[in-house]
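Engineer: Could you slot chain B onto chain A? The hints should help.
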Amino acid sequence: MPRGGDGPGRRLAVVLFATLAAAAALPATSLGHPERPTSFPDPNAGTVPKQPRGAPDLVVCKADSEERIRDDLKGKKRKRNLRLLDRCRFNHIQEAVDAAGNGTHIGLLPGVYREVPSRRVPEPNPDCAGERFYTQADGDAIGGVNDPTRGETANYRYQRRCPNAQNLIAIIGDSDGDGDCDDKCNIAIEGQAGRKDVLIRGAGYGTTDGAKLNLIRADRADGIYLANFTIKFSDFNNIYALETNGFRFRNIESKFSREYGFLSFTSDNGLYERLEASGSGDSGIYPGSGPECETGVGLRDKYGIEIRRVNSHGNTIGYSGTAGNGIFAHENRFHGNATGMTTDSFASGHPGMPQDCARWVDNRVYSNNVNLFNERRDEYCETDNRPVEERDPKVVCPTFQVPVGTGILIAGGNENLVTGNRIYNNWRDGIKLFFVPAAFRGEGEDGIDTSFENRFLSNKMGIGPGGTARPNGNDFWWDTQGYGNCWDGNRAAPGRQLTANFRLALNDCPGLPAGPPPSPGNPAKTSSQAPCAAWDPQDEVLQDPPGCDWFKRPPKP
Amino acid sequence: MGRRALAALALAGALTGLAACGGDGASLGAGDIGWVEEPQVVVPETLPKDRILTGTVRNDAFREAKLVARELRLVDADGDEVESAATFNAGFGRSYYSPSREPLPEAELIRVGQEAVLQPGDTVPLTVSWSTDDGSDAPVAIEYEAGSLPVP
Chain A
132 MPRGGDGPGR
142 RLAVVLFATL
152 AAAAALPATS
162 LGHPERPTSF
172 PDPNAGTVPK
182 QPRGAPDLVV
192 CKADSEERIR
202 DDLKGKKRKR
212 NLRLLDRCRF
222 NHIQEAVDAA
232 GNGTHIGLLP
242 GVYREVPSRR
252 VPEPNPDCAG
262 ERFYTQADGD
272 AIGGVNDPTR
282 GETANYRYQR
292 RCPNAQNLIA
302 IIGDSDGDGD
312 CDDKCNIAIE
322 GQAGRKDVLI
332 RGAGYGTTDG
342 AKLNLIRADR
352 ADGIYLANFT
362 IKFSDFNNIY
372 ALETNGFRFR
382 NIESKFSREY
392 GFLSFTSDNG
402 LYERLEASGS
412 GDSGIYPGSG
422 PECETGVGLR
432 DKYGIEIRRV
442 NSHGNTIGYS
452 GTAGNGIFAH
462 ENRFHGNATG
472 MTTDSFASGH
482 PGMPQDCARW
492 VDNRVYSNNV
502 NLFNERRDEY
512 CETDNRPVEE
522 RDPKVVCPTF
532 QVPVGTGILI
542 AGGNENLVTG
552 NRIYNNWRDG
562 IKLFFVPAAF
572 RGEGEDGIDT
582 SFENRFLSNK
592 MGIGPGGTAR
602 PNGNDFWWDT
612 QGYGNCWDGN
622 RAAPGRQLTA
632 NFRLALNDCP
642 GLPAGPPPSP
652 GNPAKTSSQA
662 PCAAWDPQDE
672 VLQDPPGCDW
682 FKRPPKP
Chain B
88 MGRRALAALA
98 LAGALTGLAA
108 CGGDGASLGA
118 GDIGWVEEPQ
128 VVVPETLPKD
138 RILTGTVRND
148 AFREAKLVAR
158 ELRLVDADGD
168 EVESAATFNA
178 GFGRSYYSPS
188 REPLPEAELI
198 RVGQEAVLQP
208 GDTVPLTVSW
218 STDDGSDAPV
228 AIEYEAGSLP
238 VP
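Chains as they are written, first to last, in our numbering: chain A, 132 to 688; chain B, 88 to 239.
Next comes chain A alone, as it looks inside the complex:
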């Protein structure tokens, strides 16, 4: 679908990944619930923000910033930070954001930013009680997960009026609620030293005192630029961009989040670059509900969100994106996760369903064999044994079930291009492709409606650094559903053959055309994935459902 097809303005859509209303003062009745309905930004407007030049307009520091500068920095960086220290007027980042106008450049000097005033804001916040609403009020737009007895969520006005109820640092850019950024737009928040010299630290998970769902929330904050710091311990997202046209995350390290490191949703013109993401219960990076691809334009214009030079490891998933459309991911490393990369069509109501049009090029996807689903971890993460608040936040508890030992998983995606990647030492499958029942998207079953025209070209399978053989357990897995999928030009290590669970030679590109009835899939293969849907980390049997092989690490091939 062309990005410009609907013209200017926002197209109504909804955000349906789970969020939690819980934080410090939350009563026991708090519930997981959908995010508010959201819209894609105007596909005809917006650009990726540029790196700010010159000295920051506002400077934030901590009491020990001078000591850190003198102890830890050298040369020009030291001199520059000492000069900036004289201009420091804020001790909390949120205070500087509150003082900022459009285009303000905020500089962070070395220190640990706990944002204590924000931590003290209760959630739910009684000052904004009138701004919360039941998602049922939006009727079918919410896509079938409404439940007026449970589904209370916060609307945009809640975020604007009480920005720190759910968020440690909030940049909420739409002053009049018309959907467009007109305040706090084009803000840059940039560490002034190395990324390890500035730490933004959340309080932790669940109902821990001061815990926040999001550590940085950019909401309708077009042109947001975040760079040069480390961030950890959110209850949901360490960094979150929502309904934002133009965002850039640069040289940031995200460590430990209950769910996501970096997450963008119904946002456009985005750039993730030079990031490190680890310790996320779900995904290190999550470009979800991405913009539709534009047709008939240059490569970089076609894909609304670019991801480059990201190192994502030690998460349940390195990269995931439900409805992760219009994503161009290249020159990244996804390794040491349970699964390296996924994109899928699991959700009803996620804008952009079913998923399509991701381009993954020149990535290294390797050694994704970390089993976070083993018995010991299951026992640790079971909330009957240990409430979330009592967990060590550095212990990753998976919040998404994936097949341990998988490089790339496309679940119900269409028209994706996976080319020129180096995929090795994933002990189950290098690339796995299977369908997702339409019922998951709230659609009637019409037989076959996903897994179309995905192309897997010229990937190096099972070839490690220096050309050595580092085999995957199996290079390609497909349930054989769909049409137009093809595998061509992929290469195995010298003296080895590509491996697949289907007849690879029959599926050269361009693949089976759309004309003939698409393949309904092999029932033995499609059904083999279904028991994994029953996974429940809070149930002793369903932690490892019979018939599902995902949660046992395959032997080294």
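Be aware that one or more of the hints could be misleading.
Said to hold, decoys possible - Below, computed lysine-lysine pairings styled on DSSO-like, alpha-carbon distance capped at 30 Å:
# : chain 1 : residue 1 : chain 2 : residue 2
1 : B       : Lys-153   : A       : Lys-683
2 : A       : Lys-193   : A       : Lys-525
3 : A       : Lys-181   : A       : Lys-205
4 : B       : Lys-136   : A       : Lys-687
5 : A       : Lys-433   : A       : Lys-525
6 : A       : Lys-591   : A       : Lys-327
Derived by calculation from the structure, the hints in this document are not laboratory data.
Structural biologist: Leaving out everything else, chain B in the frame of chain A:
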């Protein structure tokens, strides 16, 4: 069907229903819910001691039926429970709610196949899996409160 399983099928209607009202013909089963046709049992390639049963069930009663996957009971010929997992799906999917947060809303339970609400004549896929490696005898039925589904 974890250890929390107690009952099998919760019928939303309060009245006693009449069986075999809907569908194009008699389904397979003893009760209001039956297989549309004989389900298939697959041996997963990587788990040769496990079994995956897939099929489609239909509500043949005149009233709405609500099925809860984890309350179904897979039983052997002696009526002993066989540890199993069930989902009202033919393939994989998942919830967007985090599993360590609060219970899922009703609509979400249905969407992801943990529950099924069937109007008369409605059908839904059902997948049940178990292991033959835990000393249990072979299962013969999937029990619910008002009846059972045969396991081939």
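Engineer: For the pair we were handed, Lys-153/B and Lys-683/A, check the Cα-Cα distance against 30 Å.
Structural biologist: violated (33 Å)
Engineer: Has the given pair, Lys-136/B with Lys-687/A, been kept, meaning a C-alpha gap of at most 30 Å?
Structural biologist: With Cα atoms ~21 Å apart, Lys-136/B and Lys-687/A stay inside 30 Å; holds.
Engineer: Check whether the Cα positions of Lys-433/A and Lys-525/A lie no farther apart than 30 Å.
Structural biologist: Distance of about 38 Å is beyond 30 Å: violated.
Engineer: Mind checking the alpha carbons of Lys-591/A and Lys-327/A for me, to see if they're no more than 30 Å apart?
Structural biologist: Violated: Lys-591/A and Lys-327/A sit about 34 Å apart, past 30 Å.
Engineer: Are the Cα positions of Lys-181/A and Lys-205/A separated by 30 Å at most?
Structural biologist: holds (27 Å)
Engineer: Is Lys-193/A close enough to Lys-525/A, meaning Cα to Cα at most 30 Å?
Structural biologist: holds (25 Å)
Going down the numbered hints, you'll see the structure goes against 1, 5 and 6, while the others check out.
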